[in-house]
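Trainee: Sequence:
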Amino acid sequence: MYTAIDHQITLDLGNRNCRRLYKAAHEGTPLVKRAAEPLLEAADSRDRVLLSTGFPIVPPVAPETDGPLGTAVMAHALDSLGAEPVIVVEPMVEATMAILLDVLDCEAEIELVDPATASAESLLDRDDPGAVVAVEKPGRCADGSHRNMNGEAVSQHVSSVDALFERARDRGVPTVAVGDGGNEIGMGVAQSAVRKHVDHGETIACVTPVDHLVVAGVSNWGAYGIVGALSLLAGEPLLHTAQTERRLLAASLKAGCVDGVSGESVLSVDGIPNGVHEGVVSVLAESCGAALDGS
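Quick note on numbering: the sequence shown equals residues 1068 to 1362 in the numbering used here.
If you are wondering where the hints come from, they were derived from the structure by calculation, not from laboratory data.
Note that this is a predicted model, so its numbers are computed, not measured.
Don't take every hint at face value.
Unchecked claim - Pair ranges (Cβ atoms, derived): (1) S1112 with G1356: 37 to 45 Å; (2) G1149 with E1353: 23 to 31 Å; (3) D1111 with A1209: 24 to 32 Å; (4) R1238 with P1126: 36 to 44 Å.
For each residue, glycine too, the CB sits at the ideal point set by N, CA and C.
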């Protein structure tokens, strides 16, 4: 079932060669299972889990719809399992996360990091987390910048959390990341494949690795896949419904998000219509539900 989830979330409708990146990240065990296991351990220990997201689309300088939805759904699942999720985002993403958490009736804490001044690294000392997670979060490139898929720098809009993940790994805190294009935190695990198989890969490849990388066709799907794996490991359904997926996307647009491909405020993610995302959620939820019923 974990392998089936991996295969579903790597449906490459955006033609980004994500299956090539998946192959580079895969080490035998399904990616979603490897990512979910330390998160369940953190939840069982009632630990805090730091989750970061938010990729700026320039223009119009707004967060994209890919990332926040998956982060909110994962935070809700972790909260249901006993963890204390803390959402680490720039002020630009605060309203989005607040409204998404409200849709899910999740009271996760939101921690703001300012691109100009704040260091997310200090959160390790304050929160002593059981795990650190990134979902569609810009990652540092070889030249120290953060770039979009076209190779354009977006560093001035991003609060670098690369050091947070680097220091977490140094301390033995499990690090998990989800990405779909190669320029996100965690893709350091697959950077050679990014350089070879992704447009502008030599420029945009993220060099920051994590312990457990999940590659997906759309990063929200990767987060949902991890939640599906958590459902199987915990023995309880944790995924949302297609109807809730539509509500989440509509809420994110209300908060100012835009589609990451078109830059427009429309019911789509990465240029893919919302009906497809609802279908992915339905198949994941129904598949995991059937597996749980048969266990």
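Trainee: State for each hint whether it applies.
Mentor: Here is how each hint holds up against the structure:
no., hint, verdict
1, S1112 with G1356: 37 to 45 Å, "violated, 27 Å"
2, G1149 with E1353: 23 to 31 Å, "holds, 25 Å"
3, D1111 with A1209: 24 to 32 Å, "violated, 38 Å"
4, R1238 with P1126: 36 to 44 Å, "holds, 39 Å"
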